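Chains as they are written, first to last, in my numbering: chain Z, 1 to 502; chain E, 1001 to 1327; chain X, 2001 to 2149.
It is worth saying that the hints were derived from the structure and are not from the lab.
Treat each hint with caution, since some may be false.
Selected chain X positions facing chain Z (Cβ under 7 Å, derived; list incomplete) [to be verified]:
1. 2008
2. 2023
3. 2026
4. 2035
5. 2038
6. 2046
7. 2050
8. 2057
9. 2143
Computed from a predicted structure; not experimentally measured.
The beta carbon of each residue, even a glycine, is placed where N, CA and C say it ideally should be.
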Amino acid sequence: MDLDLFQHLATGFGAALSLKNIGFALLGCLLGTLVGVLPGIGPIPTIAMLLPISFGLEPLSALIMLAGIYYGAQYGGSTTSILVNMPGEASSIVTCIDGHQMAKQGRAGAALGVAALGSFFAGCFGTVFIAAFGLPLAIFALRFNSPEYFSLMILGLVTATVLAHGSVVKAIGMVLVGLMLGIVGTDVDTGLQRYTFGISAIWDGIDFLPLVIGMFGIVEIVRNLEQPAAQQIAVNTRIKGIWPTRKDFRDSWRPVLRGTALGSILGILPGGGALLSSFASYTVEKKIAKNPSRFGKGAIEGVAGPESANNAASQTSFIPLLTLGFPSNAIMALMMGAMIIHGIEPGSAVMTKRPDLFWGMIASMWIGNLMLLVINLPLIGIWVRLLSVPYRLLYPAILLFCLIGVYSTNTTAAQLVLTAAFAVFGYVMFRLGCEPAPLVLGFILGPLMEENLRRSLVLARGDWMIFIERPISATLLLLTVIVLGLIIFPQLRRKREETFQE
Amino acid sequence: MKCFNIRWAATRILALLLLAGFGVPTHAQEYPSKDIRIVIGFAAGTGVDVIARFFANKLQPLAGKPVIVENKVGAIGNIGAEAVARARPDGYTMLIAPGNSTMASNPHLFKKLPFDPAKDFAPVSPLLRLAFTFGVAPSSPIKSMQELVAHLKAKGDKASYGVSGPFQTVSGHLFKTVTETKATAVRYRSTPDIHRDLLAGLLDYMIADAPYTLAPAKEGRLRLLAVATAERSSVAPDLPGMREAGVPGFDLSSWFGAWLPANTPPEIVAKVNKWYGTILSQEDSKAFIKSIGAEPFPGSPEVLRAHTVSETAKWGKLIRDAGLPQQ
Amino acid sequence: MLRVKSPQDLGAALVFIAFGLAGACFAKDLALGSGFRIGPGYFPTVLSWMIVGIGVILAVRSVAIDGPGIGDVRLRPLLFIVGTILLFAALIQTAGLVIASLALTVTAAYARREVNLAEALLLGAGLTVFVVAAFVYGLSQPLPLWWDR
Chain Z
1 MDLDLFQHLA
11 TGFGAALSLK
21 NIGFALLGCL
31 LGTLVGVLPG
41 IGPIPTIAML
51 LPISFGLEPL
61 SALIMLAGIY
71 YGAQYGGSTT
81 SILVNMPGEA
91 SSIVTCIDGH
101 QMAKQGRAGA
111 ALGVAALGSF
121 FAGCFGTVFI
131 AAFGLPLAIF
141 ALRFNSPEYF
151 SLMILGLVTA
161 TVLAHGSVVK
171 AIGMVLVGLM
181 LGIVGTDVDT
191 GLQRYTFGIS
201 AIWDGIDFLP
211 LVIGMFGIVE
221 IVRNLEQPAA
231 QQIAVNTRIK
241 GIWPTRKDFR
251 DSWRPVLRGT
261 ALGSILGILP
271 GGGALLSSFA
281 SYTVEKKIAK
291 NPSRFGKGAI
301 EGVAGPESAN
311 NAASQTSFIP
321 LLTLGFPSNA
331 IMALMMGAMI
341 IHGIEPGSAV
351 MTKRPDLFWG
361 MIASMWIGNL
371 MLLVINLPLI
381 GIWVRLLSVP
391 YRLLYPAILL
401 FCLIGVYSTN
411 TTAAQLVLTA
421 AFAVFGYVMF
431 RLGCEPAPLV
441 LGFILGPLME
451 ENLRRSLVLA
461 RGDWMIFIER
471 PISATLLLLT
481 VIVLGLIIFP
491 QLRRKREETF
501 QE
Chain E
1001 MKCFNIRWAA
1011 TRILALLLLA
1021 GFGVPTHAQE
1031 YPSKDIRIVI
1041 GFAAGTGVDV
1051 IARFFANKLQ
1061 PLAGKPVIVE
1071 NKVGAIGNIG
1081 AEAVARARPD
1091 GYTMLIAPGN
1101 STMASNPHLF
1111 KKLPFDPAKD
1121 FAPVSPLLRL
1131 AFTFGVAPSS
1141 PIKSMQELVA
1151 HLKAKGDKAS
1161 YGVSGPFQTV
1171 SGHLFKTVTE
1181 TKATAVRYRS
1191 TPDIHRDLLA
1201 GLLDYMIADA
1211 PYTLAPAKEG
1221 RLRLLAVATA
1231 ERSSVAPDLP
1241 GMREAGVPGF
1251 DLSSWFGAWL
1261 PANTPPEIVA
1271 KVNKWYGTIL
1281 SQEDSKAFIK
1291 SIGAEPFPGS
1301 PEVLRAHTVS
1311 ETAKWGKLIR
1321 DAGLPQQ
Chain X
2001 MLRVKSPQDL
2011 GAALVFIAFG
2021 LAGACFAKDL
2031 ALGSGFRIGP
2041 GYFPTVLSWM
2051 IVGIGVILAV
2061 RSVAIDGPGI
2071 GDVRLRPLLF
2081 IVGTILLFAA
2091 LIQTAGLVIA
2101 SLALTVTAAY
2111 ARREVNLAEA
2121 LLLGAGLTVF
2131 VVAAFVYGLS
2141 QPLPLWWDR
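Start from the sequences and build out the full structure, keeping to the hints where you can.
What follows is the structure, given as structure tokens:
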């Protein structure tokens, strides 16, 4: 870190703190929070929709607004996960596991508060991280090629089994079923159809939204309705305070730090960086906890860590784009489009040619995170009170919002039929003691793993050694073996303890 | 019985009221009298989506009505095209699509296409042309197309190139046929992934769209050797065309157009064509089109029809020669 | 004599085995490929048999280790909620958002035993106004308001 950094940041804040740019940051954050809370309408369609309107703006204002939508949606996404067990996007699936349990115990406020504060801290740290180490990190990220991705996905899938708090065997089964569901659609390598049975709606694969809304949100509604009327409430109405307690803070500051560190690093990797970071954080917290059995039953560490991780990752995922012009995910590709349209060639030249823009963007992220905290903290009171609405009025509304979200991403009714099918499947699996989170992770990571494996082998002309000869890939595989050991052995130990108790 | 009648009457009245507000029959003179939908067969945030939203935004003031983009994703654009082919021919449902793909290639890639490119649509206007480019890693010693061909001949099937999507697959095959080289195609989901493996030395070259490649080329993270059209392109005037680069018989580009359902009244088609003509001649549109690495392609409905026919024949031959499987 | 000690595990075992076998069966026509170029059938086939394996482990476990039962299944909520989704799917493109939202609120109310039709209609009207304002006008989502499109 050099002294110039402070000068650069001063330039940045100078540019970002103009009244107009603050206004656009606020607009972006508000919109992001809104689309994050509404299931189905994610940041990608929102940014795509606003892109042509942003042509008329100054480049910095436009980018500040569009970026605000992205990280604002990350904040908003955790809200529905905690309140109604409805992950708005992949990275908030992990938040559902313990966040919604906390809400059911009347601690929605604590969960939301810790999520917001953790995200704020992570966002601020992520921003500084970009400012200080952007370029070298981006160059490191370029060393992740097809073989490294395969190894990373293997590591991710192995850790996915830790997400279940029940049987590990069933969790592995669910990961495998998720991998199978991820295969459905057109094979990238040959262009052949796999498991599509001539149904055009799944020609390009099963959409994420019907699967997640069906298996999480709808199953949750059905489960609640099965309860006797007196207990038919989304969450316990005896709300134990709106704010996190001192104990909550004591329990969550370390997970926030660890989550932020994990998220900051994984966020720079293209592909599933934010997703991987949130469940890597969950895995770490569960593994180092004194009493891992609390996880899945409302452990605050299971909210604090992953929420910080995914928000840190959403900040650092800007690094490859801002410093080298490499978009790391679909949203960054859109941001890159926005830059090009505004006459800015994304890449390292932005830093030298348009320092006001580069540093202004970074400063605006910090400002945006502060705004989001200011927007979200007062909202917690409203959200928590919303939960005291009788469930008979609440669930039709949740159902309606979900279905509109599913329909409007692709405007085909077939997606709704798919949602119904996953709801039935999810319900059956719930009854059989199988949890959906590992399945969803398998579903997302599986196609990436298969593609990168096949691609790597073509590149290496069939030589499997390519995964061991490359140092990053070899390190990741070694980590996988260690994680595998950690998963298997505590399990055996616990089994023995249980037998003793009997 | 009485009860039934009342309900019947009530529904009738309700229906009439609603129809009065929303179901106005179309007359060409009054067009447009309600929102216009532009359907695209690709997801929000993709290149096609950005282009369609740009035109939607530009059409709005000309039409005086909201113009909404609707994504009907799937089967390389077929699902969106099918929706427009089946829509009422009243000018309120329009398709914007990469014509080289949806209209010219898909008939050869799918055994059963859910629409007929020639019969189900009324061509409205060609919109723009996108160039594709050949690139190698900046660290590579290869500086020209001739050197690339020589390198590939020497390396035989040990050489690799990255492709994503049918356009690049077909152009890769054509390139191998024309230059008599044997590089192995490696398929990817997106162009940045190809670029990363190219920089890591895992690939020998890549073929990718100018909207993506121009920026990294200026930054020195990609060395472009030629555009994939026969002649130079205004998109990248300092790059040689394929003929000049020494690879004659190679001329491929991607182009976009707008279509309405067949049997749309010709006055409506003419009106929309005029709107597109106006948009394509505006300075800020030209700037936008240039910024995304494309060039304007204005023209009459007839130009689009004729272009579609000739391109369909050309892509049909290429796809058969490349031996791509039919779905 | 085998006795099922964990009905949950046995049920899961049956689902996994059926899923795996179906997967393997439908992957039959896809090429397995070679070590150089893994075919499109390799992953599905391997995964399918792994899922069958998990199913077998669970089946063995279900007769060896005690586990929880399936629990009280009440079909009414599931059937009505799933039915509501399908009804909404049928209505949204044919009758439009307004009618589909109203119908959704009313049929969803029947997922509970104690139905208050007046309340459901009132809620439906309120929600419909809200979603039309928020999604159609606020976020300009491409949703058909009525059947005329």
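Checked hints:
no., hint, result
1, 2008, "holds, 4 Å"
2, 2023, "holds, 6 Å"
3, 2026, "holds, 6 Å"
4, 2035, "holds, 5 Å"
5, 2038, "holds, 5 Å"
6, 2046, "violated, 10 Å"
7, 2050, "holds, 5 Å"
8, 2057, "holds, 6 Å"
9, 2143, "holds, 6 Å"
When the structure is compared with the earlier hints, a violation turns up for hint 6 alone.
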